[in-house]
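Undergrad: Counting from 1 along the sequence shown, just add 18 to a position and that's the residue number in my numbering.
If you're looking for bench data, these hints aren't it; they were derived computationally from the structure. Since this is a predicted model, take the numbers as computed values, not measurements. Certain hints may be false.
[Stated by the list, open to error] PhoX-like mimics (lysine-lysine), calculated; alpha carbons at most 20 angstroms apart, straight line:
1. Lys56 x Lys154
2. Lys222 x Lys309
3. Lys195 x Lys306
4. Lys154 x Lys53
5. Lys222 x Lys174
6. Lys274 x Lys298
7. Lys195 x Lys298
8. Lys174 x Lys56
9. Lys174 x Lys298
10. Lys222 x Lys204
11. Lys309 x Lys298
12. Lys174 x Lys195
13. Lys204 x Lys174
14. Lys309 x Lys195
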Amino acid sequence: MPVAADIFVQINNAVLDLQSSSYQTFERPLKTLAKLLKHADLEQSNYALIANIDYDAFITASEATGGPMAGTHQLAWPDDQNATLGLTLILIQNLANDAQWALGFCHQYCRTGGDLIGGIHAFTRQVLIPFVRDYKIYILSHGKIDIRLVAQGSNKVFIVHGHDDAALQGLARFLEKLGLEAIVLKEQPNQGRTVIEKFENSAKEVGFAVVLLTPDDLGGAVTASEQAGRGRQNVIFELGYFAGVLGRGRVCLLRKGDVEMPSDLFGVIYTDMDAADGWKTRLVAELKAAKLDFDANRMWV
Numbered sequence: 019m020p021v022a023a024d025i026f027v028q029i030n031n032a033v034l035d036l037q038s039s040s041y042q043t044f045e046r047p048l049k050t051l052a053k054l055l056k057h058a059d060l061e062q063s064n065y066a067l068i069a070n071i072d073y074d075a076f077i078t079a080s081e082a083t084g085g086p087m088a089g090t091h092q093l094a095w096p097d098d099q100n101a102t103l104g105l106t107l108i109l110i111q112n113l114a115n116d117a118q119w120a121l122g123f124c125h126q127y128c129r130t131g132g133d134l135i136g137g138i139h140a141f142t143r144q145v146l147i148p149f150v151r152d153y154k155i156y157i158l159s160h161g162k163i164d165i166r167l168v169a170q171g172s173n174k175v176f177i178v179h180g181h182d183d184a185a186l187q188g189l190a191r192f193l194e195k196l197g198l199e200a201i202v203l204k205e206q207p208n209q210g211r212t213v214i215e216k217f218e219n220s221a222k223e224v225g226f227a228v229v230l231l232t233p234d235d236l237g238g239a240v241t242a243s244e245q246a247g248r249g250r251q252n253v254i255f256e257l258g259y260f261a262g263v264l265g266r267g268r269v270c271l272l273r274k275g276d277v278e279m280p281s282d283l284f285g286v287i288y289t290d291m292d293a294a295d296g297w298k299t300r301l302v303a304e305l306k307a308a309k310l311d312f313d314a315n316r317m318w319v
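Sequences are here, hints too, so could you generate the full structure?
TA: See the structure below:
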């Protein structure tokens, strides 16, 4: 009996492979990505995205943005997000059809150094990862994306955690030192509620979430010779919940130790909890960017 695989998991995997590819290996994941995007289940949505796209005009406008030196050009993306998705779909197919042109194109528009593969990696970060994120939303919403203002919570910060109590307590006390209110689910009263009810009621009151990803579990493919450290299942679930409800700009992922990053999180920025406490400065920057009201100077007291 055939096993059904989520098309977006496979797309994510192709982008992950492209991110870590070399000059000798980038062509295969690029072709895989292009093939996946031509899947029959995506055909109708893709047609709607590319139906009125003038790809040649996009390339001409992009070529006119820079001088003779590679790396001085910019892609002339339109303001309309759906048009950007359509152009990217066509661009991916063209890149996959000609590996040498792909190297030159990415070097011209996303150059980060002298090596050609650096352009491929930069293009993956700057174009492909945002594309896959927005493309998935478009497909799953059938093109009907409702953008609206969602009122955020107060200065309450929800801490998602596993079994590492030392990391939990250190984070909670640091947030309180800044003048923020740390919300830890197990410390909230039950009030006759189920765990999921308690979680939902607490989560809707917060304006930010910090997720502690610690190696609490073991897991891996059945064919793997070693099992990697993984975060608790509740941590992964709650991370996805807050990323969807609050938006990724209001979620900070702190990774401690040697813990596997789930493949679905390839586009999520994380911060390692280093022994020198550099993570505190980066967390404060994220809290400030989310416009929480606190005194950042208190971190030095």
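Undergrad: If a hint holds in the structure, say so; if it doesn't, say that too.
TA: Outcome of the hint check:
1. Lys56 x Lys154: The given pair, whose Cα atoms are some 14 angstroms apart, holds under the 20 angstroms limit.
2. Lys222 x Lys309: Holds - the C-alpha atoms of Lys309 and Lys222 are around 17 angstroms apart, at most 20 angstroms.
3. Lys195 x Lys306: With Cα atoms ~15 angstroms apart, Lys195 and Lys306 stay inside 20 angstroms; holds.
4. Lys154 x Lys53: holds, 16 angstroms
5. Lys222 x Lys174: Holds. Lys222 to Lys174 sits at ~10 angstroms (cutoff 20 angstroms).
6. Lys274 x Lys298: Holds. Lys274 to Lys298 sits at ~13 angstroms (cutoff 20 angstroms).
7. Lys195 x Lys298: holds, 12 angstroms
8. Lys174 x Lys56: Outside the cut-off at roughly 44 angstroms; violated.
9. Lys174 x Lys298: holds, 17 angstroms
10. Lys222 x Lys204: holds, 16 angstroms
11. Lys309 x Lys298: holds, 17 angstroms
12. Lys174 x Lys195: Given pair Lys174, Lys195 holds - Cα atoms ~13 angstroms apart, limit 20 angstroms.
13. Lys204 x Lys174: Between Lys204 and Lys174 the Cα gap is close to 15 angstroms, so the pair holds against 20 angstroms.
14. Lys309 x Lys195: holds, 17 angstroms
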